[in-house]
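Novice: Residue numbers (this note's numbering), protein chains in the order written: chain H, 1 to 68; chain X, 1 to 68.
In short, the hints are calculated from the structure, not lab data.
Remember, predicted model here, so these are calculated numbers, not experimental data.
Where hints are given, some of them may not hold.
Restricting the straight-line Cα-Cα distance to at most 20 Å, the calculated cross-link-like pairs of lysine to aspartate or glutamate (DMTMM-like) are [claimed, not checked]: (1) LYS18/X with GLU2/H; (2) LYS3/X with GLU58/X; (3) LYS57/H with GLU2/H; (4) LYS18/X with GLU21/H.
Below, each chain spelled out in residue letters.
There are 2 protein chains.
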Amino acid sequence: MEKITLNVQGMSCGHCVKAVEGSVGTLSGVSSVKVNLDAATVDVEFNPQEVSLDKIKETIDDQGYEVQ
Amino acid sequence: MEKITLNVQGMSCGHCVKAVEGSVGTLSGVSSVKVNLDAATVDVEFNPQEVSLDKIKETIDDQGYEVQ
C-alpha cells in the first residue's frame with residue numbers, strides 16, 4: 001500500500017469533495033481517499049499492483065479538476 | 001409571472017449551479033431559474049399564485065446556500 005498527496009486545483013465545495021472522493025474511492029485498489037479543500041489536496045492510499053497513479057490522476061481529471 | 005434576482009452566497013462551481021437550478025427549477029410555479037456564479041445571483045421567474053418567494057428562498061437555503 002502506498003500513500004500520496006496530490007495537489008488538485010478547482011475543488012471548491014462539498015459537491016466537489018463528493019465528486020472526487022466518490023470517483024477515486026470506487027477504483028479497485030484504492031483503500032482510502034480524503035479531500036482537503038483548504039489545502040487543495042487529495043490524500044490517496046492505494047495498492048500500486050492493482051491501480052496505477054496515472055489512473056488515479058486521470059479519474060480526478062475526468063471529474064473536471066486539474067492535478068498538478 | 002414575476003421576475004426576481006436573489007443575492008446568494010456560497011455558490012462556487014458547476015455542481016452548485018446544478019444544485020440550485022435543479023431544486024428551484026422543479027418547484028411548481030417556477031418557470032425559469034438561472035444562476036450567475038460570478039455575480040453570485042439567482043434569477044427566478046415564477047408565478048406568485050403558485051409558489052411563494054419564501055418557498056424559493058427556503059429551497060435555495062436547503063441546498064446549503066445563503067440567500068441575502
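Novice: All hints are to be evaluated individually against the structure, with a verdict given for each.
Specialist: Evaluated hints:
The hinted pair formed by LYS18/X and GLU2/H fails the criterion: a straight-line CA distance of about 35 Å is larger than 20 Å. Taken as a hint, the LYS3/X and GLU58/X pair is honoured in the structure, with Cα atoms around 17 Å apart against an allowance of 20 Å. Proposed proximity of LYS57/H and GLU2/H is supported: the alpha carbons are some 15 Å apart, at most 20 Å. At roughly 19 Å between alpha-carbon atoms, LYS18/X and GLU21/H fall within 20 Å of each other, so this suggested pair holds.
Checked against the numbered hints above, the structure violates only hint 1.
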